[in-house]
Amino acid sequence: MKNEFSRVEEKLFYGLAALGALVTAVGLGAALYMEHHGHVVTGMNNQIVWGLPHVFAIFLIVAASGVLNVASIGSVFGKAVYKPRAPLSGLLCIAMLAGGLAVIMLDLGRADRLVVAMTHFNPTSVFGWNVILYPGMFGIVAVYMWTLMERRMYPWSKPVSVAAFIWRLLLTTGTGSIFGFLVARQAYQSAVLAPMFIIMSFAWGLAVFMVVQKVMYGWNDLALHPDIRKRMKNLLAIFVAAVFYFVAVYHLTNFYFAKQVAFERFILVDGGIFPLLFWGGWLLAGTVLPLLLIFVPGLAAMRGSVTAASLLVIVGAFCQLYVFIIGGEAFPLEIFPGMTVSSSFFDGRIDHYAPSLPEFLLGLGGIGIAFTMTVVGVRVLRFLPKDDLAKLGAAGSLSD
Amino acid sequence: MSAPENKRRAFLAAVGAVAVAPGISLIAPSQAGTAASSAVRFGMLVDTTKCSPGCDACVKACAAENGLVEPIADLRQGSQWIRKIDLVDTATGRQHSLPMMCQHCAKPPCVDVCPTGASFKRADGIVLVDRHICIGCRYCMMACPYKARSFVHQPLTTQNPEVPRGLGCVEACTFCVQRTDRGLAPACADACPQGAMLFGDLNDPQSAIAKRLKEVATTQVRADLKLGTGVRYQGI
Numbered sequence: 001m002k003n004e005f006s007r008v009e010e011k012l013f014y015g016l017a018a019l020g021a022l023v024t025a026v027g028l029g030a031a032l033y034m035e036h037h038g039h040v041v042t043g044m045n046n047q048i049v050w051g052l053p054h055v056f057a058i059f060l061i062v063a064a065s066g067v068l069n070v071a072s073i074g075s076v077f078g079k080a081v082y083k084p085r086a087p088l089s090g091l092l093c094i095a096m097l098a099g100g101l102a103v104i105m106l107d108l109g110r111a112d113r114l115v116v117a118m119t120h121f122n123p124t125s126v127f128g129w130n131v132i133l134y135p136g137m138f139g140i141v142a143v144y145m146w147t148l149m150e151r152r153m154y155p156w157s158k159p160v161s162v163a164a165f166i167w168r169l170l171l172t173t174g175t176g177s178i179f180g181f182l183v184a185r186q187a188y189q190s191a192v193l194a195p196m197f198i199i200m201s202f203a204w205g206l207a208v209f210m211v212v213q214k215v216m217y218g219w220n221d222l223a224l225h226p227d228i229r230k231r232m233k234n235l236l237a238i239f240v241a242a243v244f245y246f247v248a249v250y251h252l253t254n255f256y257f258a259k260q261v262a263f264e265r266f267i268l269v270d271g272g273i274f275p276l277l278f279w280g281g282w283l284l285a286g287t288v289l290p291l292l293l294i295f296v297p298g299l300a301a302m303r304g305s306v307t308a309a310s311l312l313v314i315v316g317a318f319c320q321l322y323v324f325i326i327g328g329e330a331f332p333l334e335i336f337p338g339m340t341v342s343s344s345f346f347d348g349r350i351d352h353y354a355p356s357l358p359e360f361l362l363g364l365g366g367i368g369i370a371f372t373m374t375v376v377g378v379r380v381l382r383f384l385p386k387d388d389l390a391k392l393g394a395a396g397s398l399s400d
Numbered sequence: 001m002s003a004p005e006n007k008r009r010a011f012l013a014a015v016g017a018v019a020v021a022p023g024i025s026l027i028a029p030s031q032a033g034t035a036a037s038s039a040v041r042f043g044m045l046v047d048t049t050k051c052s053p054g055c056d057a058c059v060k061a062c063a064a065e066n067g068l069v070e071p072i073a074d075l076r077q078g079s080q081w082i083r084k085i086d087l088v089d090t091a092t093g094r095q096h097s098l099p100m101m102c103q104h105c106a107k108p109p110c111v112d113v114c115p116t117g118a119s120f121k122r123a124d125g126i127v128l129v130d131r132h133i134c135i136g137c138r139y140c141m142m143a144c145p146y147k148a149r150s151f152v153h154q155p156l157t158t159q160n161p162e163v164p165r166g167l168g169c170v171e172a173c174t175f176c177v178q179r180t181d182r183g184l185a186p187a188c189a190d191a192c193p194q195g196a197m198l199f200g201d202l203n204d205p206q207s208a209i210a211k212r213l214k215e216v217a218t219t220q221v222r223a224d225l226k227l228g229t230g231v232r233y234q235g236i
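Just so you know, the protein sequences line up as chains A and B, in that order.
Going by this note's numbering, the first residue of the first sequence is number 1, and it counts up by one from there.
Going by this note's numbering, the first residue of the second sequence is number 1, and it counts up by one from there.
Take the hints with a grain of salt, since some may be wrong.
To be verified - Residues from chain A shown here face chain B by an in silico Cβ test under 10 Å; the list is partial:
#1 Glu-35
#2 Val-40
#3 Val-41
#4 Ile-104
#5 Arg-185
#6 Asp-227
#7 Pro-332
#8 Ser-342
#9 Ile-350
#10 Asp-388
Simulated from the structure, these hints should not be mistaken for lab results.
The C-beta atom is built at its ideal place from N, Cα and C for all residues, glycine as well.
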């Protein structure tokens, strides 16, 4: 029986690795196509300068930071239930960070100048900080995983985990501040974006972790202990609710400022696809439904409710980022307040963005990279979270 | 040389100075091989009361001077270093027309955000992009409050040898640096049939632009951002 299962698993591994490699290859092909023809083959333009690839990339990078939260809760805050999950959390962090960075880099107008980006540093640029923060994250998480998986390194696990925890807070602050430091556009220029991105990372990262954990347990014929499941889903609910709070504060603040009202109306009421994605995608599908699936007894008891809630949080995340990034750019710059403007450069006009196939495939390629790294990682090393239920029960760690 | 001949030469020189484009006599040419001087702050004054709504002579002159001539299917993806904006005051109905380009800020957001330092400000205040180290991230385009920058979306074949441009890089008005370094005014200023664009050294109290700025009320666009724009507008 054991051998039979292994053979099935073996076949599945090669199948999944091949699928991941194929998606990655298609993504790389799309990047090459864009590189060769220029961004003229994308839906991006001089108004909407960042498009669908950035939605994928920022999701992956933010979720990468957040997925390490699982490890931090175990190592930094000493919650025993989360400790066996730390290695998988680290692997997912590295995999998603790699996928997200690959998409950002391959979308550059001059992707061939990666070395220039590494060797020329502008200290006033938030992007410049990220050139240090992102590779630093790889290094710290790699060392962290070493301290988790190599017995001789165990004593170093705590200080390294604290360093990783602080580093990823800085990293996500940096990602939020890419937008927060922009004075030009109505959608951004807000200090709340940095903490908002941090809390978004917690929710999205945990959602990704829950899905991956579920799939891995399924392959290994294991089931998550109901008490652990309950703890993790409750934590997910807290993070989802916290994201709701930050988004509400962001929009309510804007509504209070007369100069921002037109922008808010556009995003929330009459902006076409953007209000639809905001209310239907982020709020209903990505926030309300997951909370219902977690807390309403009848729904929570349903098989797969937590996985469904996690997947919905991920769907909501993409909707939220699309509204935030694309919607924020589609709204025209207010260069002359109090005037209606028109020009050959589409001043004063709401831009319409239609993502092209290569852009979508490049973004998907980033997920392909993260997926392939995860599939290979869990195959070659022991990442499956194994709970010592007797020990956890004795220590009273299974329930709050 | 006789005294009458000297007078004749002086007269011819004076006539020549008047006859050539007005910009020539306004600024001193840079010495070849010397760096831009921080003693100079180049700027422009646009008199919107003279600017005609239907006229785009400045836009055409910029395109010809800087080689911005490639056709592109989606105009939103094409480069526009200078554009004409028509404005209507929503409260009063008063109309204006003006050229908008890089405002050559004293504190340019595009320079702050550029990860590699490709966006930079010359000592004389001209904001430029170093095409050798621009990686095409477009963060500067997100940061510019004037929508002054364009990203080169398609391969180019018709560049002006004096104006480096290339696929995948960001670009914007350079105040025709290839001209200003020779002591000429930018092409747009020279081409304006109304003489509505006055270019010169803001730091030189004797320059025409400095004198004019002292006399008339002018506006910096998005003055609330306190970017210290090098381009000022009269009449809005």
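Cross-check of the supplied hints:
1. Glu-35: 8 Å, holds
2. Val-40: 4 Å, holds
3. Val-41: Holds - the Cβ of Val-41 of chain A comes within 10 Å of chain B, reaching about 9 Å at its closest.
4. Ile-104: With a minimum Cβ separation of about 8 Å from chain B (threshold 10 Å), the hint on Ile-104 of chain A holds.
5. Arg-185: The hint holds - Arg-185 of chain A has a Cβ within 10 Å of chain B, the shortest such distance being about 7 Å.
6. Asp-227: 46 Å, violated
7. Pro-332: 8 Å, holds
8. Ser-342: 5 Å, holds
9. Ile-350: Since chain B brings no Cβ nearer than about 12 Å to Ile-350 of chain A, farther than 10 Å, the hint is violated.
10. Asp-388: 46 Å, violated
Consistency with the previously given hints fails for numbers 6, 9, 10, ordered from lowest to highest.
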